[in-house]
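Asker: Sequence:
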Amino acid sequence: MSEFGNGAPGTYKTIGVQIPNDLHSQASMIAKLDDISLRDACIRGLRIYVEQKQAEPDFKARVAKALEDIEREAAERRGAIESLFGSTTQAAGTTPARKTAAAKKAAPSPKPES
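Going letter by letter, the sequence shown gives residues -15 to 98 in the working numbering.
Hints are computed from structural coordinates only; laboratory data are not their basis.
Built from N, CA and C at the ideal position, the CB exists for glycine as well.
Check before you lean on any hint, since a few could be wrong.
[To be verified] Label-pair ranges, simulated between beta-carbon atoms:
(1) 62 x -12: 30 to 40 Å
(2) 3 x 53: 27 to 37 Å
(3) 67 x 3: 39 to 49 Å
Work the whole structure out from these sequences, hints included.
Answerer: See below:
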């Protein structure tokens, strides 16, 4: 049985990775000695990698920069799509403010009408 279970549908991604033959042989043997599958060994290794990267001093700054880039690119794409419809409701290069998930949670729920 897998240490990580089989997972519910949609909770795992399948990846294909080419690794050197000697690394495969070593990893397979070590996984067998540890009585785990090669799949579980790979998941363990990826988790360690993620944890190490998260501990790097500049990690948060790099993530913040990536988020800024994503938001900028999304705004550019949104503007391009809106221009296809001839949208004149927004000033060029601006996008409407959107509530974050946290802001939506913090907002009071509308009361149902009786």
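Asker: Evaluate each hint against the coordinates.
Answerer: We went through each hint and held it up to the structure:
1. The hinted window of 30 to 40 Å between residue 62 and residue -12 holds, with their beta carbons roughly 38 Å apart.
2. Distance hint check for residue 3 and residue 53: the Cβ-Cβ separation is about 30 Å, which falls inside the suggested range of 27 to 37 Å.
3. One distance hint, 39 to 49 Å for the beta-carbon pair residue 67 and residue 3, holds here, with the actual separation near 46 Å.
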